[in-house]
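Sequence order for the protein chains is A and B.
If you read the first sequence in the UniProt record's numbering, its first letter stands for residue 1, the second for the next number, and so on.
If you read the second sequence in the UniProt record's numbering, its first letter stands for residue 1, the second for the next number, and so on.
By construction, these hints were calculated from the structure, which means they are not laboratory data.
Careful, some of the hints might be misleading.
[What the hints assert, rightly or not] List of simulated lysine-lysine pairs, BS3-like, C-alpha gap at most 27 Å:
hint	chain 1	residue 1	chain 2	residue 2
1	B	K58	A	K205
2	B	K78	B	K100
3	B	K8	A	K203
4	A	K272	B	K78
5	A	K414	A	K279
Each chain, written out:
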Amino acid sequence: MSFLIDSSIMITSQILFFGFGWLFFMRQLFKDYEVRQYVVQVIFSVTFAFSCTMFELIIFEILGVLNSSSRYFHWKMNLCVILLILVFMVPFYIGYFIVSNIRLLHKQRLLFSCLLWLTFMYFFWKLGDPFPILSPKHGILSIEQLISRVGVIGVTLMALLSGFGAVNCPYTYMSYFLRNVTDTDILALERRLLQTMDMIISKKKRMAMTRRTMFQKGEVHNKPSGFWGMIKSVTTSAPGSENLTLIQQEVDALEELSRQLFLETTDLYATKERIEYSKTFKGKYFNFLGYFFSIYCVWKIFMVKFWSQHISFILVGIIIVTSIRGLLITLTKFFYAISSSKSSNVIVLLLAQIMGMYFVSSVLLIRMSMPLEYRTIITEVLGELQFNFYHRWFDVIFLVSALSSILFLYLAHKQAPEKHMAP
Amino acid sequence: MASLDRVKVLVLGDSGVGKSSLVHLLCQNQVLGNPSWTVGCSVDVRVHDYKEGTPEEKTYYIELWDVGGSVGSASSVKSTRAVFYNSVNGIILVHDLTNKKSSQNLYRWSLEALNRDLVPTGVLVTNGDYDREQFADNQIPLLVIGTKLDQIHETKRHEVLTRTAFLAEDFNAEEINLDCTNPRYLAAGSSNAVKLSHREEILFKRW
Chain A
1 MSFLIDSSIM
11 ITSQILFFGF
21 GWLFFMRQLF
31 KDYEVRQYVV
41 QVIFSVTFAF
51 SCTMFELIIF
61 EILGVLNSSS
71 RYFHWKMNLC
81 VILLILVFMV
91 PFYIGYFIVS
101 NIRLLHKQRL
111 LFSCLLWLTF
121 MYFFWKLGDP
131 FPILSPKHGI
141 LSIEQLISRV
151 GVIGVTLMAL
161 LSGFGAVNCP
171 YTYMSYFLRN
181 VTDTDILALE
191 RRLLQTMDMI
201 ISKKKRMAMT
211 RRTMFQKGEV
221 HNKPSGFWGM
231 IKSVTTSAPG
241 SENLTLIQQE
251 VDALEELSRQ
261 LFLETTDLYA
271 TKERIEYSKT
281 FKGKYFNFLG
291 YFFSIYCVWK
301 IFMVKFWSQH
311 ISFILVGIII
321 VTSIRGLLIT
331 LTKFFYAISS
341 SKSSNVIVLL
351 LAQIMGMYFV
361 SSVLLIRMSM
371 PLEYRTIITE
381 VLGELQFNFY
391 HRWFDVIFLV
401 SALSSILFLY
411 LAHKQAPEKH
421 MAP
Chain B
1 MASLDRVKVL
11 VLGDSGVGKS
21 SLVHLLCQNQ
31 VLGNPSWTVG
41 CSVDVRVHDY
51 KEGTPEEKTY
61 YIELWDVGGS
71 VGSASSVKST
81 RAVFYNSVNG
91 IILVHDLTNK
101 KSSQNLYRWS
111 LEALNRDLVP
121 TGVLVTNGDY
131 DREQFADNQI
141 PLLVIGTKLD
151 QIHETKRHEV
161 LTRTAFLAED
171 FNAEEINLDC
181 TNPRYLAAGS
191 SNAVKLSHRE
201 EILFKRW
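Input sequences plus hints: build the corresponding full structure.
Pasting the structure below:
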């Protein structure tokens, strides 16, 4: 009886999470695009729903809500479903949509997407070899095999993102690093941009006029074809067309310059906005949250132990909520930056894959933040994974990522002032 | 023969609808072989004989400014784009016939170019009276072009074309639907070419 009640609670919450993922997809991610393939939206929402359910089960574990046997059952079921999605469904659909974009392979889409999926499975399996993540007594198709590999990928991703985030967040908001951008700087760049456009236009006008006079005089601007065409082009080279190629080269160079100027101006506007934002209350609030997340990551390195149920619950809760929110925001920004109408499906599915792996590995890592008595369920469900390996791996990748970000940002910061000097 | 004054026309629309192909077709009378993403703004020039055949005939250059990006771009990108919107004589709004969102986004594009603030809800409802008000006092001639006509299946064409006709009405604009990979659509003498030159004449009259 209690099992039924517990299951209905779980299912209700899963439906709620699914609805949230659906809305997020429609309102935020895909608000500028048209959803033509609903299967993408469904997969994204399902991945989100089952990932959130895992976190919910952790919270229930700490709070002692629901019957422990029904908790165990739901853990197992949830894990199976999520692994099914992350290892079978999403990679297959990613391959399918990639293949659909390529016109040549359009006819045999299914065949090629199966091939892609098999390649993915091969590399996914090989991933397990160099890492000491399993004790050898487990069979081939067990949950442990799959989870261990998903865990490695997810933990690497988490560490990379955390490392970069821990360095980037203070860099973005600390006024020490913000280059002072005045309106005069921006105006000067804009003037240069418009001047470049004017130069391009005047050259194109010359080209258009030249082409027109050539056309009227009967010199058609064709590529020489055949034997006689070649001979003709050697003896009668039209001065007009030579001029054209020259001007065209100049135009190409100017167009490249205009693109550079455009990007620089955008950069300046973005910096100016960041300066203004950091002065507002909201900016300071998010800045604080960012610091909190970074501190959490640094904390992991020093392995502080917790001692009571309430503190661990609150902390784990905050970590979960901040992680989910941070991840969704980062994914959205990333999506806007790189997607186009053709690739949007593939990219959303990639994001769903990353999100799923990220959440699964969060579960692995969160185990460390939990006191001993609550760790048992995770250990039971996930089997005998070498958890310590994951923690050490996270720390290593985090350090590497943080150091490389520092180096990268330092170089970028040094280069920037030189760009804005007077020409 | 060439006028020293400038005629500037903006070509706006979502990324991937085919603005670069369209501009190339209009200016060079050739199909664009390898379209790639437009960063910033690319310009091209179209030669136009104003009042052709009459003694007042004059040759003008129409500058087509193809502004890249999407309506959902970061505000820093939008601020940078705004520098291209000064002293505009005409606007060509391009949308993809196979993508409804691109047609809806045209409202936001035109508002951005005409320097007006967006509606607080962010979603514009197509209601005859509402939209006419926004564009009623607009002096700049608009032209709505729908691309990728060839990718619309025969059976759906009627439905799509009715929808776009409403769109053009909302903007109080002329409309052309074509396929940028086929120069036949804008060949001299075709109805599209006639519409185009008609719009250009209006452009010069107002200017």
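Practice item. Determine which of the earlier numbered hints do not hold for this structure and return their numbers in increasing order. Key: none
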